[in-house]
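Could you slot chain B onto chain A? The hints should help.
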Amino acid sequence: MNPLTRQDLANFAAQPTPDPTEWIRVQLDTGGIAAGAETVYVALEQALAEQHRGCELLRTGSVGYSFADPVVEVQAAGMPRVHYGALTPELAPTLLSEHFGAHRLLDDHVIASRRRGLVLDATVTHVLVGDTGAADGNKSEFLQFSFREELKRRGLADRVQVVRALDLGIYDEGAVVQLLPSAVTYTNVLAHDIARIVTESIDGGRVIDDLLWKMPDKQVRIVLRHCGEVDPDSLEDYLGRAQGYQALAKALFTLTPEQVIAEMKVSALRGRGGAGFPTWMKWQLTRAQPSAQHYVICNGDEGDPGAFMDRSVLESDPHTVLEGMMIAAFAMGASMGYFYIRAEYPKAVERIQRALDQARERGLLGRNILGSGFDFDAKIRLGAGAFVCGEETALIASIEGRRGSPSPRPPYPSVRGLWGMPTAINNVETLAIVPAILLRGGAWYASHGTETSRGTKVFAVTGKVRNAQLVEVPMGTTLREIVFDVCGGVLDGKEIKAVQTGGPSGGVIPTPLLHTPVSYETLQQLGSIMGSGGMLVMDQSDSMVDVAKFYLRFCVDESCGKCAPCRIGGYQLQQVLDRISRGRGAPGDLALIHRICHAMQKASLCGLGQTAPNPVLSTLRYFGEEYQAFIEGGPSYARKMSRVASVATTAAKPPADAGSATRSPIPVKEVSP
Amino acid sequence: MTTSVPTKTLNIDGLDVAINGERNLLELIRKADIELPTFCYHSDLSVYGACRLCLVEIEGRGIQSACSTPPEAGLKVRTHTEEIREIRKISIELLLANHDQQCPTCLKSNSCQLKSVARQLGVDRVRFKRVHEPEPLDYSSVALIRDPNKCILCGDCVRFCAEVQSVGAIDFAYRGHDAAVLPAFGQGLGDGECINCGQCAAVCTTGALTPRPEIDEVWRALNDPTKFVVAQVAPAVRVALGEEFGLEPGVVTSGQMVAALKRLGFERVYDTSFAADLTVLEEANEFLRRKAKNENLPQFTSCCPGWVKFAEQYFPDLLPQLSTCRSPQQMLGALCKELLPAEINRERKDIVVVSVMPCTAKKFEAKRPEFTHDGSPDVDHVLTTQELARMIIEAGLRYDKLKPESYDMPMGFKTGAGVLFGNSGGVSEAVLRYAAEKVSGETLRSPDFHAVRGEDGLRLATVEIGGQVLKLAVVHGLKNARTLADKVRRGKTDLDLIEVMACPGGCIGGAGQPVSRNADVRRLRTRGIYDVDKNLDLHKSQENHFVNEVYTRHLGEIGGKRAHKLLHTCYVPRFPVEATPPATPGVTTTP
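Quick mapping for you: the protein sequence lines, in order, are chains A and B. Sequential numbering from 1 applies to the first sequence in my numbering. Sequential numbering from 1001 applies to the second sequence in my numbering.
So that you can see chain A by itself, here it is in the shape it has in the complex (with noise of 0.2 Å):
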């Protein structure tokens, strides 16, 4: 294929493709394939044959949703455009011949829109409803035959179809009702309210005001702006539909580096790897670093329990983190780049290596790319799977083909990285990020987030949550908002006990105090830290001590055993604790557990054991006295006080089943970190 030149790209801009009319979106990430998206899509492709349908089956990434995969988006003529979640193959004729033949939403499989309508722009089709109040008992049902029956007595039975929605993206805000396609939605709907929804909205146009959720979304997709928009393994729906390589153009045509670090600093990008360091200040010493050779690495090694933010992203967009890397490069003088990414993400792999070969084959990489003069390529290097690799210095020993150990710092990798060269080490979200801030400017992207973390956030949020999934949400938004307001809250109803973020270097952030606005410097000041963006949520019937063991054993296996204080004084440190759950603790204990945390923590050579006792001594800062019943009682007694503490906690509430009802108001998947 011709290489592709600056009038091509300008084209692209100026006239992106069209989407065709009629198409199904199945989202093909690791997450979706493991609940059977692979096969979803089979059943789709023979089902569209059979019946004879036009409409174009494509392929995308994953938007997020992990706890309704395998999900699909479809857009039909004449039809709100829908996701559609917990799918199985056995639907897939159903789903077609209702939606593109009857016009009619599957029940309890639609995911509603996150857009939140105030007016009503369009005459209502479809209404979504759904019982948000979960605690009392399903009333779905109710609310979908209220509303039959309400449409049929205003002779608009045949005009409007009322949906049970899979999940409405609102919580604890009672019956919830959703017109679409305007996405006007109503909450806290009561029996008496039907009737007014019908006359005035459906039948007259007229929001309700007293009803609207005027509540915008809390999430702004920046990094996942196209994840389940875009087809992972086509450059052209990347070129053509999503200002694909206009960053690049941009920075390679109109920037000079300099310009493209300035804009950097103006949009306060931190790295988002976990520790925060400004990303114009890392460009910028590489840069400054004189040397025939400059390498930028892109860090994939994700490897905290329960994240997932790095591989979705790679899986679903890996052309705009190649962009980002190559506006990395282009800003600091860098003509080759790696990508690092674990072994265990196959997919993720496949699919940057793919966009590697086709941006190589349509001169995107390689010498005098787009005629700029700019050259470069890059490579994949794959890790065997260690968690220290994702340390910097262990990670270029990697790819240099030695043992993956730190070495002490400084030479920084700025100063001396990849094979003794400057080397810039940015993470897989960080990079993402880049050329939107080159297409929308770096003030447009600092003005979300936080005085002094600026931007949005992906996290990865999992444990004892009702809608496990990938969330983006600016910086300075609320942990409780988090799991609450964008996740639907703990799962089965239970009481929060803690939110665990940072992964094994983070620590835990209990319940009073999820009103902290999430940032780098809060999250540290409570003991815990940003990290990659795995969340997990605690619910009552968790112990904290079981907690920190798990995290801290997940740190003793994955050092690499070069520095003392990380080798021996964790493991000796999972010693105390395994003696303190046991029933085997002496008072002492606590004492030397902050005697050991201390010593890993200042003396440690790398981040990976001066970060690891953080889960330890953040359960103890906030949970000090289930050490305490462990060590005073046993554990029996502490697992006795744990249930009387959650019983107490939970008897507050009326319980789950009281309204006996026969099935969850939302089929909730079993979600596994």
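Each hint should be verified, as a subset may be incorrect.
As a list, the in silico DSS-like pairs of lysine-lysine whose alpha-carbon atoms are at most 27 Å apart [said to hold, decoys possible]:
{"#": "1", "chain 1": "A", "residue 1": "K265", "chain 2": "A", "residue 2": "K218"}
{"#": "2", "chain 1": "B", "residue 1": "K1403", "chain 2": "B", "residue 2": "K1534"}
{"#": "3", "chain 1": "B", "residue 1": "K1031", "chain 2": "A", "residue 2": "K602"}
{"#": "4", "chain 1": "A", "residue 1": "K602", "chain 2": "B", "residue 2": "K1115"}
{"#": "5", "chain 1": "A", "residue 1": "K250", "chain 2": "A", "residue 2": "K379"}
{"#": "6", "chain 1": "A", "residue 1": "K602", "chain 2": "B", "residue 2": "K1089"}
{"#": "7", "chain 1": "A", "residue 1": "K602", "chain 2": "B", "residue 2": "K1076"}
{"#": "8", "chain 1": "B", "residue 1": "K1293", "chain 2": "B", "residue 2": "K1471"}
{"#": "9", "chain 1": "B", "residue 1": "K1349", "chain 2": "B", "residue 2": "K1565"}
{"#": "10", "chain 1": "B", "residue 1": "K1262", "chain 2": "B", "residue 2": "K1129"}
{"#": "11", "chain 1": "B", "residue 1": "K1129", "chain 2": "A", "residue 2": "K602"}
{"#": "12", "chain 1": "B", "residue 1": "K1115", "chain 2": "B", "residue 2": "K1291"}
{"#": "13", "chain 1": "B", "residue 1": "K1492", "chain 2": "B", "residue 2": "K1293"}
{"#": "14", "chain 1": "B", "residue 1": "K1438", "chain 2": "B", "residue 2": "K1291"}
{"#": "15", "chain 1": "B", "residue 1": "K1076", "chain 2": "B", "residue 2": "K1089"}
Think of the hints as simulated: they come from the structure by calculation, not from any bench. Bear in mind that the values here come from a model prediction, so they are computed numbers and not experimental data.
Same frame as chain A, but now just chain B:
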């Protein structure tokens, strides 16, 4: 250095210290006479940063490791704050929890760095339980013992083996608290590429790697009335043995040493330098022959058994260029076993030759099959300098009170040239002293060839003798040897003679010598060797009339048939290194 720039200083514990090109803060702090403890810092090796003991508090930066921090003007450094002391103590406690604390029986007891640092830091108890199941010791090597239970993973051995010797016989395996220093594929140390130089043991901060002692066998021979036990002592031993008895490095105590050996029960005490004189004659003639025919040049020396195995493994194609001369140890062993039976009217099998060497590879060399005849090896046992000291101590001898005695003749007689073998550059110089006279036919006015002396790991010298220009290279450290041998292999050198010693500084820096981590010690020993040469009456091997007598009475002509049988050897290519799987998983367990 003359410079107009005002001296840059930084502040260490309230003291202003000038920065003068130090590579890191640790060097500067030590220059300010503050002893920061370390395990993994070694001035010959790369900075590793694993032991976390050299932590200091830098104002505005918090706690940093001094070994990896470059000195910067204006820094305010504190080395012993309450916090740092506490961290250091707990670090040591943690290390001790993972360490097999058999201190009274440990071979390294007197030179153990872990022990001395624990003392220095006032660690008075260990609050942690031992966490490792004891692992079997590795006795597969004839030169070294590996005790994984004592390893604290400072990595000095790994880096020395890889960075200085370019062998990499051991490296880290596994991770986390299973991490260990191991030979490849779980083999024993003796089964792989180890060249037995023993520098791993020399730099080992604990007793995890030690020279394999043969003291018991030697005591047994000494106490066996049917045996006639003969000792030979290598040149480098005399400048280091005193260190074990509180003397300065480089102080020569040959007289006491001979006396001690006699008191221990050795019937004869010979000097390996005698055989070194022999080596000079053989090797120089071999070299001049090759030079005349212009074949197999450059000639590599062959007295270092570490280098010989290294060459056999990695440069099998260059083996014809190695001198075929045996090392002095093996020459003397062969002569003892050949000449003594007639002299004392005993059988060969009743004669036990024990050599005292600064070297662990000599233990391996003595056991090479080429050097065993009729079931009796030319050299029966090899003691290191350390082992001899231990025997002296064990026998209760007061070293400083011993009355000096003399070596036995004839094989205790040597010239300065023979003693020079202890230093890097010594073999070259000794050969030059002979070759110069042989080629020119004139007497050398001054025997010293300063061109081949020095400390650099790779030294080139051009010497003119009798109108002929000779180009020499003197190498110590096998990485340097590898660099040079690679060039030879590619035909990129025009050298005539290459002297290779595996250990830093030559034999005086051997792994059998008293343990020291100080480069100054090597310097003093080197000077000691040159002083011995200076103080001797004769400086050229050809002046050794006992050597000449051995030729006339027993060996015939230099390089002749009989000389060849007793004084020369052959080499076997060992590459690729045969991977012999261990009989049982893990390492050989029987000593």
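How the hints compare with the structure:
no.	hint	verdict
1	K265/A - K218/A	26 Å, holds
2	K1403/B - K1534/B	23 Å, holds
3	K1031/B - K602/A	25 Å, holds
4	K602/A - K1115/B	24 Å, holds
5	K250/A - K379/A	24 Å, holds
6	K602/A - K1089/B	13 Å, holds
7	K602/A - K1076/B	18 Å, holds
8	K1293/B - K1471/B	16 Å, holds
9	K1349/B - K1565/B	19 Å, holds
10	K1262/B - K1129/B	48 Å, violated
11	K1129/B - K602/A	22 Å, holds
12	K1115/B - K1291/B	54 Å, violated
13	K1492/B - K1293/B	20 Å, holds
14	K1438/B - K1291/B	13 Å, holds
15	K1076/B - K1089/B	23 Å, holds
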